[in-house]
Structure formats: C-alpha cells, structure tokens
Amino acid sequence: MDPVTKDIFTAATKLVALKPTGDVVALDTWTKVLRPEGEFKGHQLTDKDVIELKTGGTGFCARDGDKVVSEKHFALGPGSGRQDLRGQHRSARSLGGLVFMN
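Going by this note's numbering, the first residue of the sequence shown is number 1, and it counts up by one from there.
Keep in mind that the hints were calculated from the coordinates and are not lab data.
One or more hints might be untrue.
Straight-line C-alpha distance at most 20 Å; calculated SDA-like pairs for lysine to any residue [unchecked claim]:
1) Lys32 x Leu45
2) Lys6 x Pro36
3) Lys54 x Thr10
4) Lys48 x Gly38
5) Lys48 x Leu15
6) Lys19 x Ile51
7) Lys6 x Val33
8) Lys19 x His43
9) Lys6 x Lys41
10) Lys19 x Glu52
11) Lys32 x Pro20
12) Lys48 x Pro36
13) Lys19 x Arg35
14) Lys54 x Gly22
15) Lys14 x Leu34
16) Lys41 x Thr29
17) Lys14 x Thr46
18) Lys19 x Thr31
19) Lys6 x Lys32
20) Lys54 x Asp7
21) Lys14 x Pro3
22) Lys6 x Arg35
23) Lys19 x Glu37
24) Lys54 x Leu15
25) Lys14 x Gly42
26) Lys6 x Leu18
27) Lys6 x Leu34
28) Lys54 x Thr31
29) Lys41 x Gly22
30) Lys54 x Thr13
31) Lys41 x Lys54
32) Lys32 x Phe9
Can you build the whole structure from these sequences, using the hints too?
Next comes the structure, spelled out in structure tokens:
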C-alpha cells in the first residue's frame with residue numbers, strides 16, 4: 001500500500017524506493033506529490049534518493065511486448081507424469097488368459 005495515497009499496489013504498478021526512509025511508493029506518487037514537495041517524513045529528497053524498481057509479470061502476455069519468450073519443454077520418460085500410459089499398461093487384467101510381460 002502506498003504510504004502517501006493509500007493506493008494498493010498491483011503487479012502492474014510501477015514502484016520506486018526512497019533511500020533515506022526505506023519506503024516504497026508508486027511512481028505516480030513520486031512524480032506528482034513527493035518530487036515537487038522535495039520532502040518526505042522530515043528527509044529532503046532528490047532524484048538521487050530514488051531507486052526505480054522492476055515490475056513483476058501480470059500474467060497478460062501482451063503487456064510485456066517483445067520481452068516475452070516462450071519455450072516448450074517436455075520431460076518424457078517413466079515416472080515423469082507426461083508419458084503416454086494408454087493401452088495394455090493401464091487397462092484391467094485380461095480375463096482371457098493372455099498376459100503381456102513387458
């Protein structure tokens with residue numbers, strides 16, 4: 001939650017950290033409120049006192065544009081959970097006497 005405006009942060013909110021106080025505020029709060037005022041909790045603030053934080057993913061692919069990289073990776077083999085186990089290995093036991101010993 002932004003300590004100045006009481007807005008709730010989301011994954012898409014751009015954030016900045018203030019070095020003198022250790023508080024994290026929204027970038028909009030910094031540009032519209034704190035930078036013009038130049039003071040927060042008794043500390044003088046300049047542009048050097050601000051660290052812009054990296055935003056997290058939102059789960060919406062089009063938000064990040066060209067930075068999105070997708071890969072397909074399948075772990076195949078016994079016990080991986082992805083092997084196709086249909087057929088004789090997963091069916092009920094044969095009542096006709098024919099048994100496969102694989």
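Verification of the supplied hints:
no.	hint	in the structure
1	Lys32 x Leu45	holds, 14 Å
2	Lys6 x Pro36	holds, 19 Å
3	Lys54 x Thr10	holds, 13 Å
4	Lys48 x Gly38	holds, 12 Å
5	Lys48 x Leu15	holds, 15 Å
6	Lys19 x Ile51	holds, 7 Å
7	Lys6 x Val33	holds, 13 Å
8	Lys19 x His43	holds, 10 Å
9	Lys6 x Lys41	holds, 16 Å
10	Lys19 x Glu52	holds, 11 Å
11	Lys32 x Pro20	holds, 19 Å
12	Lys48 x Pro36	holds, 14 Å
13	Lys19 x Arg35	holds, 14 Å
14	Lys54 x Gly22	holds, 16 Å
15	Lys14 x Leu34	holds, 15 Å
16	Lys41 x Thr29	holds, 14 Å
17	Lys14 x Thr46	holds, 19 Å
18	Lys19 x Thr31	holds, 16 Å
19	Lys6 x Lys32	holds, 15 Å
20	Lys54 x Asp7	holds, 18 Å
21	Lys14 x Pro3	holds, 15 Å
22	Lys6 x Arg35	holds, 18 Å
23	Lys19 x Glu37	holds, 16 Å
24	Lys54 x Leu15	holds, 8 Å
25	Lys14 x Gly42	violated, 24 Å
26	Lys6 x Leu18	holds, 16 Å
27	Lys6 x Leu34	holds, 14 Å
28	Lys54 x Thr31	holds, 17 Å
29	Lys41 x Gly22	holds, 11 Å
30	Lys54 x Thr13	holds, 10 Å
31	Lys41 x Lys54	violated, 24 Å
32	Lys32 x Phe9	holds, 17 Å
Figure legend: structure checked against the earlier numbered hints; hints not met, in rising order: 25 and 31.
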